[in-house]
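Asker: Under UniProt numbering, read the sequence shown as residues 1 to 147, first letter to last.
The set of hints was computed from the structure by calculation and includes no laboratory data.
Ideal Cβ positions, reconstructed from N, Cα and C, are used throughout, including at glycine.
Misleading hints may appear alongside valid ones.
Computed spacing ranges between beta-carbons, pair by pair [said to hold, decoys possible]:
{"id": "1", "residue 1": "Asp-42", "residue 2": "Val-138", "range": "33 to 43 Å"}
{"id": "2", "residue 1": "Val-138", "residue 2": "Gly-63", "range": "29 to 39 Å"}
{"id": "3", "residue 1": "Gln-128", "residue 2": "Glu-99", "range": "17 to 27 Å"}
{"id": "4", "residue 1": "Val-138", "residue 2": "Gly-40", "range": "24 to 34 Å"}
{"id": "5", "residue 1": "His-136", "residue 2": "Val-50", "range": "17 to 27 Å"}
{"id": "6", "residue 1": "Arg-141", "residue 2": "Val-43", "range": "15 to 25 Å"}
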Amino acid sequence: MSSSSRISSRQPAAARSGGWFGRRKKNDDPLQERIDCLIGADVAIQGDVVFAGGLRIDGQIRGDVTVSDIKAGTLMIGDEGRIQGDVRVSHVIIYGHIEGTVYASGLVDLRQNARISGDVHYGALEMQAGAVIEGHLVPHRQNGGTQ
């Protein structure tokens, strides 16, 4: 294999796997990894946001963020991303901050410097060292409700 066709091990895992900007087969992974919309670092939104598919937030939102189909769709909050409002999604990956209640029917994935100031309702939870939750953790029951 020539060096130009080899994938560098220093490349982020998302880039190697097709990740956030690549396309995957629909059934490869339950997490929606495609980004359909990006809210950039220089963008500030005052008001509620409703999205479908994948949304990455690197800017600021003052309002609720909701996926239109709670069974599909992923929200990713970048390092500089901030939400002041409630979040209702199927999956969320957090590098930034949320001030509000998080309702996730699937995975809540908190990365190293993530911070949530509010309660977290979740189907599954992954939390790296350094992440902070200031609120209650409320797991979903098997039948889809919360305890």
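Asker: If you check the beta carbons of Arg-141 and Val-43, does the distance land in 15 to 25 Å?
Answerer: 37 Å, violated
Asker: Range hint 17 to 27 Å: satisfied by the CB atoms of His-136 and Val-50?
Answerer: Cβ of His-136 to Cβ of Val-50: about 26 Å, so the range 17 to 27 Å holds.
Asker: When you take the CB atoms of Asp-42 and Val-138, is the distance between them in 33 to 43 Å?
Answerer: Given a distance of about 35 Å, which is inside 33 to 43 Å, the answer is holds.
Asker: Taking the beta carbons of Val-138 and Gly-40, is their distance inside 24 to 34 Å?
Answerer: 32 Å, holds
Asker: I want to verify a distance hint. Is the separation of the beta carbons of Gln-128 and Glu-99 within 17 to 27 Å?
Answerer: 20 Å, holds
Asker: Is it true that the C-beta distance of Val-138 to Gly-63 lies inside 29 to 39 Å, as the hint says?
Answerer: 22 Å, violated
Checked against the numbered hints given earlier, this structure breaks hints 2 and 6; the rest are met.
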